[in-house]
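There are 2 protein chains.
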Amino acid sequence: MIRLVIVEPEGSYNVGFISRLAKNFLVDELYIVNPHCDLEEAKRFSAKGIEYLERAKIVNSFDEAIKDVDLKIATSSIADNRGDILRKSIRPWELPKLIEGKRIALIFGRESVGLTREEIAKSDLLLFIPGNPEYPVLNLSHAVGIVLYEIWKSKGENRPTVSSESISLIDKYSRDLVNLIKNNEEDEAMYIALKRALIKGVLDEEEARTVIRLLRKLYVKLTKKFE
Amino acid sequence: MIRLVIVEPEGSYNVGFISRLAKNFLVDELYIVNPHCDLEEAKRFSAKGIEYLERAKIVNSFDEAIKDVDLKIATSSIADNRGDILRKSIRPWELPKLIEGKRIALIFGRESVGLTREEIAKSDLLLFIPGNPEYPVLNLSHAVGIVLYEIWKSKGENRPTVSSESISLIDKYSRDLVNLIKNNEEDEAMYIALKRALIKGVLDEEEARTVIRLLRKLYVKLTKKFE
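As given, the protein sequences belong to chains R and P, one line each in that order. full-length UniProt numbering puts the first sequence at residues 1 to 227. full-length UniProt numbering puts the second sequence at residues 1 to 227.
Calculated from the structure, these hints are not laboratory results. Take these hints with a grain of salt, some might be off.
The list cannot tell twin chains apart, which means a pair is met if one copy fits it or any two copies do.
Straight-line C-alpha distance at most 30 Å; calculated DSBU-like pairs for lysine-lysine [as the list claims (entries may be wrong)]:
(1) Lys172 - Lys48
(2) Lys217 - Lys43
(3) Lys88 - Lys48
(4) Lys57 - Lys182
(5) Lys43 - Lys200
(6) Lys217 - Lys172
(7) Lys97 - Lys172
(8) Lys217 - Lys155
In this text, all values refer to a predicted model and were calculated from it rather than measured experimentally.
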């Protein structure tokens with residue numbers, strides 16, 4: 001369960017964009033603590049995420065927004081400072097294994113000043129998105145997007161696969177083609193390279209079929225020559 | 001070298017946010033093709049990325065924006081469609097190993113309609129950011145942020161690379177071979193499929209060279225037939 005908590009947002013466009021991102025990455029709950037901007041105006045930027053904005057829970061305090069979760073993750077655009085334990089932070093790609101199976105709150109602070117030290121202290125972890133050391137400060141909604149993307153990614157997309165029949169056809173035609181043009185044993189490497197590159201490179205069955213059609217056409221054309 | 005190419009952006013805020021992201025993730029060049037919005041207004045959203053906006057290269061055509069790069073990566077918010085080879089796409093986390101050591105253009109389309117099929121066809125690869133299957137359509141600048149973050153994250157890892165010369169040779173011979181055997185416009189898909197599969201599939205320069213040698217031999221053999 002992912003709850004997105006936005007603390008005292010100042011820009012309507014950010015609230016709108018965050019609602020859209022909530023829909024893009026299927027967040028479970030959106031909480032807004034004491035908004036400092038016009039939520040009606042935010043709708044202009046929410047696109048199909050407007051449903052998230054309309055049913056967002058508007059609360060008056062930080063404490064209310066972080067109730068009933070297992071893990072509270074604060075975020076900051078300030079990297080770890082020497083000697084400041086409160087600022088020790090994790091990176092977005094470390095999140096997935098930490099949050100698995102948990103009810104979590106992802107907490108983002110104000111555009112101007114972020115989260116207070118007190119708010120960070122009330123959270124369990126602090127997350128920082130690395131970037132240009134001279135200016136890693138992302139706009140609020142862009143930080144939200146990156147964190148949600150990283151979590152979504154870890155859920156594992158079901159990538160389409162290539163059938164074993166197509167793999168063996170790629171093998172067969174690579175073999176046949178190389179046999180037609182090879183001059184010596186070293187040319188055998190061409191068969192290995194072509195076969196492997198294609199097997200690794202084709203994204204799905206359809207792309208595999210298109211490549212096989214090409215290999216077959218090349219083969220037919222070349223063999224006709226010797227008839 | 002990373003060139004960020006924004007094609008006919010319609011929202012000033014997106015151009016501003018993208019300039020800020022260019023600074024957050026140290027993009028090398030920002031190109032804007034034929035902007036359909038107010039670039040002065042964009043400055044309101046660029047924060048310390050304003051320098052990128054001020055020295056952005058404004059060009060009149062897509063072709064001008066993709067000149068002098070090794071690898072052109074188009075992006076789309078439309079996932080792979082059945083039967084449409086042009087829409088086969090890679091994921092952001094697959095980018096780092098494909099672009100290492102190369103001059104690349106990351107190309108983002110219009111907020112309303114994205115990139116045209118012609119623009120995608122002129123690019124080498126197509127990238128899609130996965131999300132809620134019912135609504136994966138990210139706002140433009142948020143998509144930019146996620147792709148730049150993913151590239152930034154990967155920096156520092158040493159992986160073998162494929163030279164830009166090899167990429168253009170794979171492109172050339174894929175083109176030449178398909179020209180020799182194509183019967184109709186649909187066969188054009190074979191060129192896209194072969195080129196992309198090989199560019200994605202070859203692991204290093206040596207593997208690439210071996211595949212190119214094979215493609216060249218096939219081509220020579222086929223053309224001799226018609227002498």
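Results of checking the hints against the structure:
Taking the closest pair of Cα atoms, Lys172 and Lys48 never come within 30 Å of each other, the shortest separation being 42 Å inside a single copy and 42 Å across copies. When the C-alpha separation of Lys217 and Lys43 is checked against a cutoff of 30 Å, the pair qualifies neither within a copy, at 54 Å, nor between copies, at 54 Å. Proximity of Lys88 and Lys48 under a CA criterion of 30 Å is satisfied inter-copy only: 25 Å between copies versus 36 Å inside one chain copy. In this homomeric assembly, Lys57 and Lys182 never come within 30 Å of each other (Cα to Cα): the closest approach is 39 Å inside a single copy and 49 Å across copies.
Proximity of Lys43 and Lys200 under a CA criterion of 30 Å is satisfied in neither setting, with 38 Å inside one chain copy and 40 Å between copies. With identical chains, the CA atoms of Lys217 and Lys172 are at most 30 Å apart both within one copy (13 Å) and between copies (18 Å). For the identical chains of this complex, Lys97 and Lys172 are neighbours both inside a copy (22 Å) and across copies (28 Å), given an alpha-carbon limit of 30 Å. Neither within a single protomer nor between protomers do Lys217 and Lys155 lie at most 30 Å apart by alpha-carbon distance, with minima of 37 Å and 41 Å respectively.
Comparing the model with each earlier hint shows violations of hints 1, 2, 4, 5, 8; every other hint is respected.
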